[in-house]
Amino acid sequence: MSVKYRVCNNCIMDTTDPEIKFDDKGVCDHCNNFYSNILPNWKPGPEGENELMKIVAKIKEEGKDKDYDCLMGISGGVDSSYMAYLAKVKLGLRPLIFHIDAGWNSQQAVNNIERIIDSLNLDLHTEVINWEEMKDLQAAFFKAQVCHVDTPQDHAFQAAMWNFAAKNGFKYILNGGNISSECVREPLEWHYHASDLRQINDIHAKFGTRPLKSFPLASIFKYRIYYKYVKGISVIKPLDYIPFEKEKAMQFLEKEFGWQRYAQKHYESRFTRFYEGYWMPKKFGFDIRLAHYSSLILTNQMSREEALKKVSVLPYDEEAIKEDFEYVATKLGFTVEEFKEIMNGNNKTYRDYKNSMGFIEMGMKVMRFIGGERKLIR
Amino acid sequence: MISIVDYGLGNLKAFANIYKRLNINAEFVKTSEQLNSAQKIILPGVGAFDHAMEELNKSGMREKLDELVLVKKVPVIGICVGMQMLGKRSDEGKLDGLGWVDADIIKFDTNLIKQKPRLPHMGWNDVHPIGNNPLFQDLETNSIFYFLHSYYFSCKNPEDAIAKSEYGLEFTCAVNHENIYGVQFHPEKSHQYGIQLLKNFANL
Amino acid sequence: MLRPRIIPCLLIKDNGLVKTVQFKDHKYVGDPINAVKIFNEKEVDEIIIVDIDATVYNREPDYKLIEALAAECRMPLCYGGGVKTVEQAQKIFSLGVEKVSISSEAVLNPNLLTEIGNRVGSQSIVVVLDVKKSKSGNYEIWTHKATKNTGKDPVEFAKEVERLGAGEVVINSIDADGMMKGYDMELIDKIRNAINLPLTVLGGAGTLKDIGSLISKYKVVGAAAGSLFVFKGVFKAVLINYPKPSEKAALLSENL
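Line order of the protein sequences matches chains A, B and C.
Residue numbers for the first sequence follow the numbering used here, beginning at 1 and rising by one.
Residue numbers for the second sequence follow the numbering used here, beginning at 1 and rising by one.
Residue numbers for the third sequence follow the numbering used here, beginning at 1 and rising by one.
These aren't lab readings, by the way, just hints derived from the structure by calculation.
A portion of the hints provided could be inaccurate.
With a straight-line Cα cutoff of 27 Å, these simulated DSS-like cross-link-like pairs (lysine-lysine) come out [unchecked claim]:
(1) Lys116/B with Lys219/C
(2) Lys237/A with Lys58/A
(3) Lys213/A with Lys27/C
(4) Lys322/A with Lys13/B
(5) Lys116/B with Lys152/C
(6) Lys255/A with Lys42/C
(7) Lys135/C with Lys181/C
(8) Lys282/A with Lys21/A
(9) Lys60/A with Lys236/C
(10) Lys19/C with Lys135/A
(11) Lys199/B with Lys42/C
Distance ranges between label pairs, derived from CB positions [unchecked claim]:
(12) Ala250/C with Arg304/A: 43 to 53 Å
(13) Asp317/A with Asn25/B: 19 to 29 Å
(14) Pro245/C with Tyr35/A: 46 to 56 Å
(15) Tyr35/A with Asn23/B: 41 to 51 Å
(16) Thr207/C with Gly345/A: 48 to 58 Å
(17) Ala250/C with Asp317/A: 34 to 44 Å
(18) Ser154/B with Ala250/C: 29 to 39 Å
(19) Glu115/C with Leu95/B: 27 to 37 Å
In this text, a Cβ means the ideal position worked out from N, Cα and C, and glycines have one as well.
Modelling step: build the complete structure from the supplied sequences, incorporating the hints.
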């Protein structure tokens with residue numbers, strides 16, 4: 001049963017999100033959720049800063065006898081790089097910086113981390129994921145024909161960070177996520193929960209070729225409940241309390257720290273560029289830019305016209321994609337032909353493999369009820 | 001199509017990798033026949049002069065190369081020992097060079113070089129282009145290339161010299177005589193500088 | 001002006017990159033191909049890659065991996081590990097590698113040097129000497145991943161390999177490996193005085209200052225390092241790094 005194509009009048013999310021709903025004004029539920037649930041509680045200005053300072057004071061107080069008062073992930077991208085500056089210079093915190101190397105680091109990412117660490121005189125801890133295991137798990141996801149092939153990396157990033165925080169007694173994790181550019185979450189159809197360990201284990205069992213011995217894993221229970229409520233670890237998103245605009249932040253970082261802007265969008269990871277720019281749109285018809293730009297529309301950083309114009313152009317360059325395709329295929333151990341076959345195979349969804357969706361949905365309902373989650377996740 | 005002469009010496013794969021990433025067609029040629037369709041020729045080379053000349057002479061491509069270069073005027077670039085082979089003779093060996101460029105190959109005078117290891121001249125060194133030769137387009141200032149050699153090219157005709165470097169003395173590190181080019185350094189191993197030069201050669 | 005070479009040295013074990021301390025305690029550092037890719041983009045002068053298990057386990061060099069690594073290098077690449085015959089060396093050269101290094105085999109079969117030299121020219125053969133100080137204070141050459149003591153004097157052996165036609169000598173200090181407390185200048189001095197060949201030093205570099213000191217003393221020399229370019233900070237966090245062009249220029253102008 002095919003759905004008639006329809007796009008929101010306010011943002012640019014459309015019916016490629018199979019769960020999208022429109023009100024009588026033609027405005028989608030992502031927008032309405034933003035206006036009703038997110039915006040009223042989002043105060044990136046003096047009020048937000050005040051609230052942030054209270055949180056910061058608490059972090060400092062609780063961590064005053066420790067070497068570091070919080071843990072902070074860094075990827076080399078603008079959000080985490082800017083957050084490092086904010087945390088150390090503006091907020092006076094003493095973070096330990098944590099980086100997870102999943103084998104796809106670009107020179108720019110590594111350079112940016114180095115510049116930030118050196119300029120701000122921060123201490124760094126890196127966890128290097130066993131590349132053979134990551135490669136095998138990522139290849140398994142591609143063989144599984146699902147859209148969410150970024151799950152192995154996403155899951156590893158989260159699990160490694162949380163496991164490290166719990167093991168080393170950190171109570172606060174600073175996260176560079178921000179409403180400013182992420183208030184519209186990609187639908188689960190496009191981007192299923194990376195935290196679903198059951199899904200990972202099933203796909204690995206069916207398509208993996210080697211055991212996951214050192215790969216960082218954590219069940220949803222572990223980090224949404226155990227780490228949070230038993231170990232008492234909180235995640236703070238400082239960028240939500242201040243006026244944050246990516247472009248301005250990038251210019252600042254370039255000037256101040258010799259931070260390298262990426263040659264193109266998502267060039268911080270060739271994997272992400274391939275995944276978002278080709279795998280998702282070409283094989284599944286999902287264009288992640290719809291969600292990204294809709295977030296920018298809602299937060300007044302982009303006009304709807306500009307967004308529509310941008311998405312009218314293919315997310316990939318015909319010439320460059322050949323090189324990226326070969327690069328990703330080779331890196332994951334496929335021949336170009338094998339990878340083409342996978343590309344042309346029958347699409348599957350998370351439902352085709354074991355998953356904990358029921359449990360997660362229940363958890364989400366609870367969270368929304370107690371006010372712990374505002375984003376529309378479905 | 002860039003034809004890279006495969007007579008057994010030199011890092012051919014490195015050239016192939018660079019041209020592949022530049023999206024420029026390049027192939028290895030091992031026979032006279034394959035050389036027939038050459039539009040541009042790369043003559044790589046490492047090791048001793050005599051050994052290189054010997055290998056080239058018995059490769060079966062020597063005559064065809066002479067014809068293509070001297071008669072048909074196909075652009076050719078000699079790399080490192082490949083450049084030295086363009087000359088008439090070398091201090092290093094007894095055999096004749098290709099003689100395509102009027103030049104002798106001279107050994108560096110170690111008395112002019114202050115510290116060990118003196119020879120070979122090995123590592124990254126500055127290259128100063130002379131004149132506005134298209135081979136060095138966009139490489140006018142601050143170019144460095146990787147060198148590995150103990151003998152240098154000495155042109156009879158000073159106008160043939162299109163770049164200089166310095167090691168104990170100033171020496172010619174790149175030449176151009178009509179359709180014939182030569183570089184003493186290794187553009188296939190000189191990062192962005194080498195890539196630019198190889199691109200320029202392809203675009204001549 | 002000819003510059004000294006600053007050279008990252010990477011060790012491969014079971015297809016992965018590792019770092020050691022005094023040739024032991026292998027710490028996993030990541031995917032070798034991605035590391036080389038990053039070093040290439042940082043435009044390093046040269047790179048040395050050693051498969052530390054090939055000789056010990058009597059394995060053939062991993063040609064597929066070597067080819068993939070060479071494809072990422074727009075700078076000279078030196079490969080070592082398990083090379084015992086001329087045919088192996090030739091195959092490695094054909095994959096896009098500039099220099100092949102031999103270490104244990106140089107001691108077991110020194111004629112190999114001459115053989116390879118005759119085929120491709122001596123400039124392409126590098127001899128790596130793994131050196132450790134004995135209890136009595138003498139330097140000795142060890143092989144097979146520092147498990148076999150040959151008892152040979154590195155100075156005499158360096159002269160020998162020069163005579164046999166090596167193109168370059170790499171002095172690798174087992175004692176200083178991974179310690180990041182500085183190069184063993186005493187050892188280097190002995191070797192530099194004894195031979196005229198290009199010399200590269202490995203083992204002990206902890207800061208750019210150590211490289212500066214080396215350059216200051218020997219001017220034209222290869223300054224190789226593993227830990228320095230792979231670790232960052234007090235926790236030895238894995239982060240590929242290399243002096244920026246401005247840092248390199250400063251190193252040179254301060255020390256030449």
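Each hint tested on the structure:
1. Lys116/B with Lys219/C: holds, 8 Å
2. Lys237/A with Lys58/A: holds, 15 Å
3. Lys213/A with Lys27/C: The hint holds at about 16 Å.
4. Lys322/A with Lys13/B: Answer holds: Lys322/A to Lys13/B is near 21 Å, not above 27 Å.
5. Lys116/B with Lys152/C: holds, 24 Å
6. Lys255/A with Lys42/C: Holds, at about 20 Å.
7. Lys135/C with Lys181/C: holds, 20 Å
8. Lys282/A with Lys21/A: Roughly 24 Å separates the two Cα atoms, so the pair holds.
9. Lys60/A with Lys236/C: Since the Cα atoms of Lys60/A and Lys236/C sit roughly 26 Å apart, the hinted pair holds (cutoff 27 Å).
10. Lys19/C with Lys135/A: Since the Cα atoms of Lys19/C and Lys135/A sit roughly 21 Å apart, the hinted pair holds (cutoff 27 Å).
11. Lys199/B with Lys42/C: holds, 21 Å
12. Ala250/C with Arg304/A: 43 to 53 Å: Once the Cβ atoms are compared, 50 Å apart, the range 43 to 53 Å for Arg304/A and Ala250/C holds.
13. Asp317/A with Asn25/B: 19 to 29 Å: holds, 21 Å
14. Pro245/C with Tyr35/A: 46 to 56 Å: holds, 50 Å
15. Tyr35/A with Asn23/B: 41 to 51 Å: holds, 49 Å
16. Thr207/C with Gly345/A: 48 to 58 Å: Given range 48 to 58 Å: holds, Cβ gap about 52 Å.
17. Ala250/C with Asp317/A: 34 to 44 Å: holds, 39 Å
18. Ser154/B with Ala250/C: 29 to 39 Å: Holds: the Cβ-Cβ distance is about 36 Å, inside 29 to 39 Å.
19. Glu115/C with Leu95/B: 27 to 37 Å: violated, 22 Å
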